[in-house]
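These protein sequence lines map, in sequence, to chains A, B and C. In terms of the working numbering, the first sequence is residues 14 to 371. In terms of the working numbering, the second sequence is residues 19 to 320. In terms of the working numbering, the third sequence is residues 2 to 362.
Since the hints were derived computationally from the structure, they do not count as laboratory data. The beta-carbon is built from N, C-alpha and C at its ideal position, and this holds for glycine as well. Errors might be hidden in some of the hints.
[Unchecked claim] 25 Å max Cα-Cα, derived SDA-like pairs, lysine to any residue:
id, chain 1, residue 1, chain 2, residue 2
1, C, Lys287, C, Ile319
2, C, Lys251, B, Ile255
3, C, Lys91, A, Val224
4, C, Lys126, A, Ser65
5, C, Lys76, B, Ala22
6, C, Lys305, C, Lys91
[What the hints assert, rightly or not] Reference excerpt, derived from the structure (chain C facing chain B, CB under 10 Å, subset only):
id, residue
7, Val67
8, Ser70
9, His151
10, Ile191
11, Ala196
12, Ser206
13, Gly235
14, Ala247
15, Gln278
16, Pro300
17, Val303
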Amino acid sequence: MLLRLEPRGQRSRLWTYASPLLALALTVVTAAVIFAMLGKDPLQSLYVFLISPLTSATGLPELFVKAAPLILIGVGLSLGFRANVWNIGAEGQYTLGAIFAGGLALSYPEAPAILLIPAMMLLGILGGMTWAAIPAYLRTRWNANEILTSLMLTYVAQLLLIYLVTGPWRDPDGYGFPQTALFSSSATPPILFEGTRVHLGVVVAFLAAIVGWIVLTRSVIGFQLRVLGQAPRAARFAGFSQERLVWLSLMVGGGLAGLAGMFEVAGPVGQLTPSISPGYGFTAIIVAFLGRLHPIGVIFGGLILALSYLGGEAAQIDLGMPNAVTGIFQGILLFFLLACDVLILYRLRGPRPLAGGA
Amino acid sequence: MDQAIIISFVLSVMTASTPLLLAATGELVTEKSGVLNLGVEGMMLVGAIVGFATTVHTGSALLGVLAALLAGAAMALIFAILTLTFLANQVATGLALTIFGTGLSALVGASYVGTAVEGLPKVLFGHDALVYLSLIAVFAVAWFLRRSHRGLVLRAVGDSHDAAHAIGYPVVLIRYLATLFGGAMCGLAGAYMSLAYATSWAENMTAGRGWIALALVVFATWRPIWLLVGAYLFGGIMYGSLAIQAAGAISLFGYPLVVPSQLVSALPYVATIAVLVAISRDRAKIRMNAPACLGRSFHAAG
Amino acid sequence: MKRRTFNKLLGAGLLAGSAPMIIGRAAAADPLGVGFIYVGPVEDFGWTHAHDVGRKALETEFGDQVKTSFVESVKEGPDSERVIAELASKGNKLVFTTSFGYMNPTIKVAERFPDVKFEHCTGYKRAENVSTYNIRFYEGRYVQGVIAGHLSKSGIVGYIGSVPIPEVVMGMNAFIIGMRTVNPKARMKIVWVNAWYDPGKEGDSAKALIDQGADIIAQHTDSGAPLQVAQQRGVLGFGQASDMSALAPKAQLTSSVDFWNPYYIQRVKDVIAGTWQSQDVWGGFKSGMLVMAPYANMPDDVAKAGKAAEAGITDGKIAVFKGPIKDQSGAEKVPAGTELDDKAIATMNWLADGVDGQIPS
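Please model the entire structure based on the sequences and the hints provided.
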């Protein structure tokens with residue numbers, strides 16, 4: 014092999030922060046080549062993809078609105094992934110949070126907002142937890158792998174949502190379309206900045222990340238999670254209860270996913286319909302890893318992915334690029350971001366002078 | 019039910035199950051070597067469009083299938099370089115691969131929408147060769163993993179890369195090969211979708227089957243024969259839930275049964291969970307079959 | 002298709018005639034920005050593709066006078082409001098939002114951009130600057146039913162439904178009503194896929210329906226897979242949203258083709274002339290928004306019957322939902338001599354006599 018990696022022995026401070034920049038530089042170069050191949054002006058395309066969403070009047074607030082659910086779910090997942098609990102069904106937990114909170118909003122439309130919003134948040138969390146409790150129970154009681162159970166339950170959650178909005182919860186004045194009535198204004202989370210769509214959920218997402226950070230660095234549970242991430246075997250010997258960590262991971266992940274579902278349906282969507290998520294639960298898995306499973310890192314991961322969505326839309330409007338290019342651009346960006354992190358723990362070296370093992 | 023309907027039912031179930039079985043067989047080998055590649059959906063889509071486009075241009079379905087194999091392997095190579103050489107996180111890289119593959123296939127495939135191909139020739143009992151190939155592949159993989167020396171090495175790498183490395187096995191090389199095999203099989207599964215199951219290309223045509231294939235590997239607790247059971251069970255219930263609707267009213271003890279179609283649609287997923295729970299109770303057996311190093315990066319020290 | 006060629010000629014003529022005027026105006030006025038938001042990819046060979054054909058027709062028709070842009074594959078839900086607002090804020094003065102789920106976001110964005118005109122497809126909420134428009138797809142279903150009534154030997158049609166909404170339900174009813182005008186004993190078997198798009202499942206549904214004796218396949222889902230299965234099994238079927246004969250030349254009888262061009266051209270003209278007003282348009286054969294793909298794979302007399310049904314609906318002699326119509330339980334839904342009004346059609350949630358299966362609820 015031409016290049017080889019040499020362990021640094023400790024984390025490189027420089028590369029902890031420089032690796033995303035290197036990744037971005039590599040993405041820019043690669044994407045420029047692809048844009049040129051598609052017959053588009055590379056510089057202009059890059060500007061539209063990466064800069065223009067931040068400069069338009071509505072761009073910046075929209076970036077935060079789009080990133081909020083990704084951050085909220087990503088924070089929860091990052092804690093669980095540290096404990097090696099592979100909850101990949103956050104999408105389903107998001108859906109159940111939306112259903113629980115939406116049910117309350119539809120039942121008590123007249124309740125004052127000061128009561129209704131917190132109650133909906135609680136029910137959203139409860140909904141997500143309920144759905145996550147199934148894989149947790151099946152894993153701890155019956156040893157069933159949570160990857161499969163949480164993923165399968167995502168499909169079931171989606172069908173449950175379709176059943177509710179086409180059946181018992183269908184808006185009687187909605188011309189028979191699969192949707193509930195619009196939520197009342199007291200069930201709508203307050204907008205924080207006039208003229209934008211920035212709602213309470215955006216702040217809650219950032220708060221969740223900060224709380225997650227404190228828990229991770231200051232609490233016993235956080236200590237256990239950190240040890241698990243760095244030395245799983247040591248953790249086992251130290252006698253951490255695996256069962257407790259499974260429950261904890263799934264409850265935190267599910268609860269935050271449910272909360273994200275509540276905020277999305279109550280805020281940007283405003284009702285229950287069959288399509289309340291553009292795959293947030295799955296995208297948040299990438300966000301969690303982009304953030305290196307660190308709650309503050311998740312904020313950046315969420316913002317980067319949100320930017321790539323907004324950039325992709327801008328590229329369609331301004332340059333007539335197909336939507337498929339967004340996926341390719343995202344893929345390349347993620348590939349480089351993930352690969353460059355190797356430089357934090359390893360040095361890149363030229364070929365060995367003498368032939369040796371691979 | 020008369021005989022013709024039963025035969026048709028079996029044929030349809032086999033067709034519906036084959037892409038799941040092909041992709042899951044490939045992923046099983048990859049995972050047995052300790053690599054978790056969640057990019058199955060993306061690799062299938064790229065295989066589907068490359069196989070389809072090649073068939074359209076050359077007129078040969080055989081060349082299409084071969085091209086799909088290579089395309090799937092090429093996608094897996096991207097994954098392997100990132101995770102095995104650059105030690106990137108496998109879960110995230112796999113998901114990124116799916117996003118990338120979905121976009122790439124849509125871009126390449128845009129000009130092929132609305133084109134039809136002849137499809138794979140039927141060889142036996144109304145099935146094409148890929149259906150039988152998928153069955154052969156499962157048994158071949160089962161034999162390879164259990165009975166052959168190389169299979170033993172592959173399992174050793176997946177169970178403890180440090181030990182395997184200490185003995186002198188080329189851990190990274192073996193994982194590269196296992197990952198490429200998995201990608202090739204996913205490409206094949208995609209080609210089956212576009213050349214046999216649907217005989218046309220459409221954006222995102224796998225519609226989540228890659229995820230089901232991933233789940234089936236877990237469902238089978240990493241045992242190839244159980245993969246066969248799982249894929250046919252899932253395909254059977256999936257097709258069966260449509261067939262029940264087509265048959266019209268169902269009655270139970272003489273009473274007409276009114277079942278929401280969403281409940282019927284949820285059946286395959288619920289049934290998969292139920293069966294997994296039933297077979298997971300034996301912890302020792304699971305631990306014996308699950309690759310202990312699944313998803314963990316390996317770097318040879320020194 | 003003849004109509005399309007005709008439109009092209011018409012467009013070219015207009016363009017040539019008004020060329021000096023356009024040049025004269027170009028310096029003074031910027032082109033009219035027209036934005037589109039699509040729920041699927043432009044190459045979906047169905048719903049979204051048909052809208053994009055309409056968008057391209059605007060460019061052919063108006064040349065430099067318009068500048069169109071679009072965003073494809075925007076999921077209904079939290080993202081759509083952002084994209085619609087983005088289109089409005091980037092200088093588009095007319096924005097077409099082409100999926101039902103964009104209804105509430107369209108209304109919300111329209112409040113923020115009072116001088117932009119919005120056109121929402123398939124919805125029922127309007128505002129000062131929001132119009133709604135849709136096609137009477139059920140008219141095409143009726144014609145398909147008439148053709149099926151003549152051709153089906155078993156008297157059973159297999160119908161693949163996507164999601165249980167009135168749009169799909171009225172199509173099923175129109176089909177069986179049309180079919181029963183020819184064969185009063187005809188029956189319809191249905192499968193709900195619970196998705197708009199999954200070629201594998203759609204094809205499987207067709208197989209299951211054929212196994213149950215259906216020798217005609219109709220679909221209200223987006224892929225061509227059911228037609229391809231029909232061709233493989235040697236039965237006949239109908240395309241959806243666009244002419245799908247390229248996928249199954251031996252199976253497609255005809256297809257109800259969504260033809261948005263005349264509507265889109267008219268609305269752009271209205272904006273340019275300053276005569277745009279909020280309205281609700283539900284156009285069928287008569288308005289030219291619904292077109293049947295060329296008839297194929299049927300004897301001449303059947304084609305003639307199909308054409309007669311088309312003509313009858315066009316000139317108002319045939320009303321699809323005219324009594325007496327019974328529902329599945331045999332209860333009279335529409336008494337003899339009366340017709341359903343548009344509201345009753347648009348909210349239809351019952352299946353007509355002759356349909357086996359049920360609307361999930």
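Comparing the hints with the structure gives:
no., hint, result
1, Lys287(C) / Ile319(C), "holds, 12 Å"
2, Lys251(C) / Ile255(B), "violated, 31 Å"
3, Lys91(C) / Val224(A), "violated, 39 Å"
4, Lys126(C) / Ser65(A), "violated, 33 Å"
5, Lys76(C) / Ala22(B), "violated, 42 Å"
6, Lys305(C) / Lys91(C), "violated, 50 Å"
7, Val67, "violated, 24 Å"
8, Ser70, "violated, 18 Å"
9, His151, "violated, 23 Å"
10, Ile191, "holds, 7 Å"
11, Ala196, "holds, 8 Å"
12, Ser206, "holds, 5 Å"
13, Gly235, "violated, 13 Å"
14, Ala247, "holds, 5 Å"
15, Gln278, "violated, 37 Å"
16, Pro300, "violated, 25 Å"
17, Val303, "violated, 25 Å"
Checked against the numbered hints given earlier, the structure breaks hints 2, 3, 4, 5, 6, 7, 8, 9, 13, 15, 16 and 17 and satisfies all the rest.
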